[in-house]
Amino acid sequence: QQQVKQSPQSLIVQKGGIPIINCAYENTAFDYFPWYQQFPGKGPALLIAIRPDVSEKKEGRFTISFNKSAKQFSLHIMDSQPGDSATYFCAARSGNTGKLIFGQGTTLQVKP
Amino acid sequence: NAGVMQNPRHLVRRRGQEARLRCSPMKGHSHVYWYRQLPEEGLKFMVYLQKENIIDESGMPKERFSAEFPKEGPSILRIQQVVRGDSAAYFCASSPGSDSEAFFGQGTRLTVV
Chain B
1 QQQVKQSPQS LIVQKGGIPI INCAYENTAF DYFPWYQQFP GKGPALLIAI RPDVSEKKEG
61 RFTISFNKSA KQFSLHIMDS QPGDSATYFC AARSGNTGKL IFGQGTTLQV KP
Chain H
113 NAGVMQNPRH LVRRRGQEAR LRCSPMKGHS HVYWYRQLPE EGLKFMVYLQ KENIIDESGM
173 PKERFSAEFP KEGPSILRIQ QVVRGDSAAY FCASSPGSDS EAFFGQGTRL TVV
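Those sequence lines, one after another, are chains B and H. Numbering of the first sequence is given in my numbering, commencing with residue 1 and proceeding in unit increments. Numbering of the second sequence is given in my numbering, commencing with residue 113 and proceeding in unit increments.
Don't read these hints as lab results, they were simulated from the structure. Only a predicted model underlies this, so the values are computations on that prediction, with no experimental measurement involved. Check before you lean on any hint, since a few could be wrong.
With a Cα cut of at most 35 Å, we get these calculated DSBU-like pairs of lysine-lysine [claimed, not checked]:
(1) H/Lys163 x B/Lys111
(2) B/Lys58 x B/Lys111
(3) B/Lys71 x H/Lys183
(4) H/Lys163 x B/Lys42
(5) B/Lys71 x B/Lys5
If you want the footprint, here are the derived chain H segments under chain B, 3+ residues with CB under 8 Å [to be verified]:
(6) 128–134
(7) 214–225
Built from N, CA and C at the ideal position, the CB exists for glycine as well.
Start from the sequences, fold in the hints, and give me the full structure.
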């Protein structure tokens, strides 16, 4: 019940495309859902996060869509660029437990 | 405001030796978390500490692993008698509160030979 399932494992798109990464969870106590971007050899960097009281959040080219009833959330990257090529992780956290439960990661390649 | 600082960035240990990984949280952050990332896998929670207290160690292996966050100085993740399976990237994150955004360091890549 503590798992967060992420798909796809890898994704290749052309420059300008809109990659979509999906995550699903079971624990209804989760109330904070961040997305992290990680480049090789670096630590994860917070990209965007959402709480379940909203269904969508946009920050620049990144959008999170959240479906509370389905217990699913997804990341959309608009007008993707080669510099967006990285590994993306969704995560979830409940209340003030502090700990993040991460998905397995999606390796994105944006071709020029 | 410097980010989360981890050192060393790379650490090589022989089987049976001890590994000490250090993490200095961001200024103003009193909550520290350690995660482990195996190759091609996601990050797995290990332990959550506040100053001088372990809040949640549910992800820590029962043996050989310990963590501390003293009143003064960095948080330390200690692995005794390392084995090849301990080879991984270890990341530290910090936050000002348990329900706040967490910021990650660059990680320590441990290789056991």
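To see whether the hints hold, each was checked on the structure:
{"no.": "1", "hint": "H/Lys163 x B/Lys111", "result": "46 Å, violated"}
{"no.": "2", "hint": "B/Lys58 x B/Lys111", "result": "24 Å, holds"}
{"no.": "3", "hint": "B/Lys71 x H/Lys183", "result": "40 Å, violated"}
{"no.": "4", "hint": "H/Lys163 x B/Lys42", "result": "26 Å, holds"}
{"no.": "5", "hint": "B/Lys71 x B/Lys5", "result": "11 Å, holds"}
{"no.": "6", "hint": "128–134", "result": "violated (count 0)"}
{"no.": "7", "hint": "214–225", "result": "holds (count 6)"}
The structure fails hints 1, 3 and 6 (numbered hints given earlier, in ascending order).
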